[in-house]
Structures are given as C-alpha cells and as structure tokens.
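Dock chain B against chain A, hints included.
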Amino acid sequence: MEHGSKVSHTYDFVGSVWSFFRRCVYSIISIGPIPNHIAFIMDGNRRYAKCHGLKPNAGHRMGFLALMSVLQYCYEMGVHYVTVYAFSIDNFNRTPEEVQHVMDLMQDKIEGLLKEESFVNKYGIRVNFWGNLRLLRESVRLAAEKAMAATAENKGAVLSICIAYTSRDEIVHAIQGACKEKYNQNQSSKDVKEDEISIADLESHMYTSGCPDPDIIVRTSGETRLSNFLLWQSSRSYLHVHNALWPEISFCHLVWEILQYQRVQPFLVKQKEKSL
Amino acid sequence: MDSRDKIPSLLTPQFKISQRSGAWMLLSEFCWHLLHFVVHMVHIVSHMVDSFQFYFISSGLLREYDILQVKKLRHLAIIFDSEEAHQTSKIGELISYLLSFGVKHISLYDMEGVLKQSNEMEFILKGLNDSSATSHFEADANPSTAFLDKEKMKLELLSFSDGKEGVAKAASLLYSKYLTDVDIGEHQIEPRFTEADVDGALRSVGCEGPEPDLLLIVGPARCSLGFPAWRMRYTEIVHIGPLGSVKFGAIVKAIYDFSKKHQNYGS
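First to last, the protein sequences are chains A and B. Counting from 1, one number per residue, gives the positions in the first sequence under our numbering. Counting from 1001, one number per residue, gives the positions in the second sequence under our numbering.
For reference, chain B alone in the conformation it holds in the complex:
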C-alpha cells in the first residue's frame, strides 16, 4: 500500500459517529455533559473568587489598587455585543466611571453600529452630562465623534464598517494614486506601498485613529467581533463578561494589570 493511500485512514477520526454503537454513543454523550458540567462549575467558582476580589477592590480594601497609575493608558476601547448595546443607561454608567480614570480617548465599538444611531448616542451623552458635572458635551463635525470639552476627552463610536471596509476604501484610494503615478511614468507595473502609506490613506478616507492600549470586551465571548484590524497590533485584550454582570472592580483590575504589563514588541 502506498503511503498516500494510508493517509485518509490516518486522518479519519478514530471514532466516527456512524460507527459508534448505541451504548458507546450514550456513554460518550454522558461523559461530554459531565465534562461540561465540570467546566461550568470551574467557571462558577472562578466567578465567585473574582467577585470577591472585585468587591474588595471597589471597597478600597486592597491597597495596591488604590494608587492606580493610568498615565500609560491613553486610549481605551470597549467592544459591546450589538444586542447588549441597546442597554444605554448601563453603557453611560460605565463611561462615566471610566472618565474618573482620566483616560484621554475612549472608543466604543459594536458590530452593527447600534451605538452610532443618534438617539442612542444622545441618551448616553445626556447621561454623561448628568453624572459628570465638570464635563460639557460639544458635538464634533464628524457625527461619530464627540468631545467632552473641559476634560479634553475624546469619545469615538465605531462599527464593523470602520474596519475592513475602511481598509478597502483606503486601498481604492491608493489604487487611484498608483494609477496617477503610472500615468506620469513614475512607476512600472509593480505597486509598492508601506504601512505609512496605508496610514495616510486611512486618514484621508476618515478611518484612522489611534491604537487602543487596552481593549475591554463586554459580551459572552472573548472575540474582537470585527474591531478595526489595523488598529489592534499590540492592544491588550481583556474579556470582562456580559454587560449585565460587569463589576467596576473588574475594570479596575484590568487597568491595574495593564499598568503592570511590559511589552518588548518582539525584540
């Protein structure tokens, strides 16, 4: 038998579902549910441990979290599940809490652009003005960006279209520039671009922005859900659970852990 003939048999999972006997199948299913029950219990226990820790952090009992150095944290982004993005009062609460850390730039992302819808946004910003007496909202020319004037804090709203579609627009712009270069004979057929060229093109099409230092994922899974790929090279990604169960202590811990992080950027 040729070695290539053996390959399919080697690659076929050893226990094909159709080949399993009924009893074996039942046993496997029972073990699978049991395993997942154990995983579920592990999650519950770790959730309880975390909740205690977050409670102690919020109540100021854990001293190391009091003197939080957030100078390193200039740009924070939060990803919401679009279904949860309708819970605007909770999001507003979360943002006003983040304001207290003095973060200069906050980006809010949800895949379907629920947050970008003006009435939702107005609601959040109204909540912000009510809860933060010193900040004053002034709308920017760009409808998806708002400045909280006195605080010099920038709030940015993003959705799926700012990611891959933005890069495609930038690519189209680079293509038109390339055509002009070809016409005036600067280039041969081979197009050559650098990352700086793409940065420039993204700026021209209005899809540029800083890379977040820290990205908090609020939702059921640790998944970036299409957050702009160009903007998350070295971003620390922390999952803090669904919006309903987010504890402020979890955010403090994420920021504290971030402040202790050292990155060597591959070197």
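Bound-form chain A, shown alone:
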C-alpha cells in the first residue's frame, strides 16, 4: 500500500515538473506569433504498427492517444482551432475489417467525448464533424451529430474532425449549397435576378464556413502531398512535413513546427494583405 502511494507521489511530481516545463516553453514561444488554427493530416498509424510488429488496429489506437496529447498541447498554447483529417472518402477502399475497426473506434471515442470527465468538457471545446456524414454507418453518424449538438454552445476552443471528407467533395457540396441558396433567393425576390455565384457564396457553403483558414497544415510520416485535404483553405497556409509517424508525434515536434511557422509568418501575412 505504502509502495503504491510512493509510486503515485513520484508520478505526480514528474507530472508537475513536466507541466511546469511546458508552461515555460509556451511562455517563451508566445513572444512570437502563435497560430490561431492548425490542421493535422494524421498519417502513419499503419506504418507505425507494422514497424512495431503490431496489428493495424493497434496503430490506430496509438494514433488516437497521440491525438489527445497534441490537442492538449495546442489548447494549452492558445491555438483556438484544431482540425484533424481522420478518415477520407478514399479510405473506404481499405479492407472491410479495417474500415469496420476504424468506425468502431471512432464511435467509441465520439461517445467518450460527451462524458463529464472528457477533455471536451474540461476545455469547453466545440466539436465539428466535417464531411459527407451520410457515407458513414448510421450509429457513427448519429454519435457525431449528437456530439455536435451537445457541444454547439461551448465557448472554448474548436476541434473539427474531418471524416468521410475530401476537399473536392467539399467543393461540390458548396456548389450545390450555393445553387440552392441562389435559386431560393431568386424565387423569393422580385428585384433583378442574380445568376452569378461568387467565391464568397461558395465559401459560405463550405464545411469550414465561419472558421478561419489554417495557419499551418502539418503532415506526418514524411509525405509531401495534401491528399485532398483543405485544398481550398490552404492557399495561405504554411505546409509543414514531419518525418515522424503520427503516433510518434510529440511536444518537441509541435514546438519545432511553431518555430518554423514564426520564421515564415511575416511572408504569409504579406501574402494575405496582398489579396485583401
């Protein structure tokens, strides 16, 4: 019993030192600009499992743990919006067993988000699910819709999870939404009819409407493509590649990418100003 309590004290002590260290690092890096929105392409779960002789499913579970730590660090640092690419429409082409497992894992974790002790409640996070949710099995879709409704009033940070998402699908979705809106407007208005769809019309029908464009898009496992993720929104984003696989991503990786972002941020701001 006494031994157990000693272990627990040591654990608490290490935890406090680690937490203090993190605060010091946040204090230093916040001298420079801190991104408002970071998006992650979580790549490398299966490769990680393969390298460590595990089943692919175990890789996805490790990936979820990595995501939890990354979210905690981001919110502690003051990043207000975090977006993650969890499941692409193309991922439905994987083996039925793997798709089934990922869906089970997602349903389990989405339901977990609503529990009192979850990090969503701890940080008052608003959760969005972006994508063609009709492609998901009903139980996952319902869990996602329930989570969005339950956190809609939260005033804290915003976590957006892209599932059954591709950027092209989002653009098609926005065109459909804009056409429908234009049609309804023209039906109800007696003035001169407007048949042109503008960029702003399209953007108001993107899943990302109301959310600023990402400042940084991070991809892990050394891959250099965006794989159909936020193509529309990434025109002024700094694209960062980590060689680490997603489950290996750590606090140091996050600090490194923020420092890299701070180096190029004046150039990106200039580009934004030019387009205004």
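Incorrect hints may have been included.
Unchecked claim - Within a straight-line C-alpha distance of at most 20 Å, the following computed SDA-like cross-link-like pairs (lysine to any residue) qualify:
id, chain 1, residue 1, chain 2, residue 2
1, B, Lys1247, B, Lys1116
2, B, Lys1177, A, Met68
3, A, Lys109, A, Glu138
4, B, Lys1261, A, Cys51
5, A, Lys180, A, Lys193
6, A, Lys122, A, Ser69
7, A, Lys272, B, Ser1082
8, A, Lys50, B, Lys1169
9, A, Lys109, A, Arg137
10, B, Lys1169, B, Ala1196
11, B, Lys1116, A, Ser275
12, B, Lys1072, A, Glu223
13, A, Lys270, B, Tyr1265
14, A, Lys193, B, Ser1082
15, A, Lys109, A, Met68
16, A, Lys272, A, Gln260
17, B, Lys1169, A, Arg168
18, B, Lys1261, A, Asn243
19, B, Lys1164, A, Asp195
20, A, Lys274, B, Lys1116
Since the hints were derived computationally from the structure, they do not count as laboratory data.
Using the frame of chain A, we list chain B on its own:
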C-alpha cells in the same frame, strides 16, 4: 463553481503578457531569440549539407541520380513568389533545364499573374528558343498557353484567377444548367452534382487542366499561394527555396524522390 465557469481560466494561456514581470519578460524574450538563433543555425547547417549533396548530384558523382526515371513525371508545376517572378532570365534558365528531363507539361504559377504579362512571357520564351535549339515556339489561341512545337511540350501560365475564380465561374455555369433542368421539370429543388460535372464545367469556362504530379515551390515559404485547389489532390509538393538560391541539383533530387514515391490513394 460550475465546470463551464472554469473553462475561460483553463483556456487562458498560463503566462499572459500583461501579467509577466519585466525580468521574466526579458528572460523569455532572450530565450525566444536564442531558440530562433538555434533554428537558424540548424537551417544553415542543413542548407550546407544540401548544397554539398546538390553539388555532387550536378557533377554526376552520385550514380543513382544519373539514371533518372522521369516517365512517371508527366506534369510538373512551379509556384513562384510574384516578387521574384520578375526575374525572367532565371526563370527561363530553369525552364530550359527542365526541358532536358522530357516533361510533357509544365505549369508556371504566380499569384498576381506577373508571368502572364505578355512582355515577360515573350522574354522567357525568347530565352527558351535561344537555349534549346530543337524547340520551336508557336503561340496558342489561348494567350496563357504556349506549345513548344517539336518537343510537343506544353507550357501553361497560371495565376490566382485560375483557381477560386475559375471554380466560381464553373459553379455559375452549373447553376444556369440547373435552372434549365428545373424549367423542364427534370429536377426538384435539390441540386445534385458530381466531381465529373465540375470537371466538365471547368473545361467549359477554360479553367481545366491536368493535376501536376510534382509541384515545386520557389520562394521563401512552403505555401501553395492559391494554386488552383481543384488541381492538386495528390500532387507532391516540394519547397526548393527562393529563386536566387535554387540549385539544379535540388530539382534533380526532387524529381528523383518523386520517381521513388509510391502513393496508395487512401486505400
């Protein structure tokens, strides 16, 4: 205290600038500059290592780069920072170098359309004709596209307006088609389009084009600067630094790395 009341305090960064004491602030600033100095040094060292590697590649000392398989690379795009896009002689040099790889389609992009301005373009193409004896330039009906005749190589010039504005034009076209369908009673209120419909509409408004296999970013940051979003789904994006310091070895390495890439398109 309700858990929601705790949220603002939890979310507030632990060290608000206004709450920091002067000494702490000074120390933080010193550490921040020190950290950035370290990052800068890391960049200098990695730049030196790269330069050596690029030098060895260019001089043919690294054997694996000699037998470069570029069959996979059909379409290459390059993004320039608009400020650097005025350095036309360097751009011309870069393109004539790329011609030697036998790439069939090269797209050049800069946000403000500096390259599209005719006199700049003429200058680049003149440079191309001088440096590549076998190629012959013939202007296409579309002012932003040029064909290098004998080589059957297509050169395309793009700017910001070919991206989002192009999609908005395509959306307007789809809307007008949708109105016609509604009029003849084929559709109810719900518009339904596919990616193929958008492809077709982009073709009709003159904003279509192939997806580049490889996209080289020439400029200070790894950022796509508004390159047409519809055309970069699975494009490999490689940053090769500002135009002034681009080494040909860097391009060889980017093409070599691309030739070794395997994509499984999500499956």
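(message) What's the verdict on lysine 1164/B and aspartate 195/A, does the C-alpha distance respect the 20 Å limit or exceed it?
(response) holds (17 Å)
(message) Hint check: lysine 1116/B vs serine 275/A, CA-CA at most 20 Å. Holds or violated?
(response) holds (18 Å)
(request) Quickly compare the C-alpha distance for lysine 1177/B and methionine 68/A to 20 Å and report which way the hint goes. (result) With a Cα-Cα distance of about 46 Å, the restraint between lysine 1177/B and methionine 68/A is violated, given a limit of 20 Å.
(message) Check whether the Cα positions of lysine 274/A and lysine 1116/B lie no farther apart than 20 Å.
(response) holds (18 Å)
(message) Between the alpha carbons of lysine 109/A and methionine 68/A, is the straight-line distance 20 Å or under?
(response) Answer holds: lysine 109/A to methionine 68/A is near 11 Å, not above 20 Å.
(request) With a cut-off of 20 Å on the C-alpha distance, tell me whether lysine 272/A and glutamine 260/A pass. (result) holds (18 Å)
(message) Can you confirm whether the C-alpha distance between lysine 109/A and arginine 137/A stays at or below 20 Å?
(response) holds (15 Å)
(message) Tell me if the straight-line CA distance from lysine 193/A to serine 1082/B falls inside 20 Å.
(response) Violated - the C-alpha atoms of serine 1082/B and lysine 193/A are around 38 Å apart, more than 20 Å.
(request) For the pair supplied as a hint, lysine 1169/B and alanine 1196/B, confirm whether the alpha-carbon distance does not exceed 20 Å. (result) holds (16 Å)
(request) Please work out if lysine 1072/B and glutamate 223/A have their alpha carbons no farther apart than 20 Å. (result) Holds. Lysine 1072/B to glutamate 223/A sits at ~18 Å (cutoff 20 Å).
(message) So if I understand the rule, the pair passes when the alpha-carbon distance is 20 Å or less; does lysine 50/A with lysine 1169/B pass?
(response) Violated, at about 46 Å.
(message) Between the alpha carbons of lysine 122/A and serine 69/A, is the straight-line distance 20 Å or under?
(response) holds (14 Å)
Hint compliance for this structure: hints 1, 2, 8, 13 and 14 are broken, all remaining hints hold.
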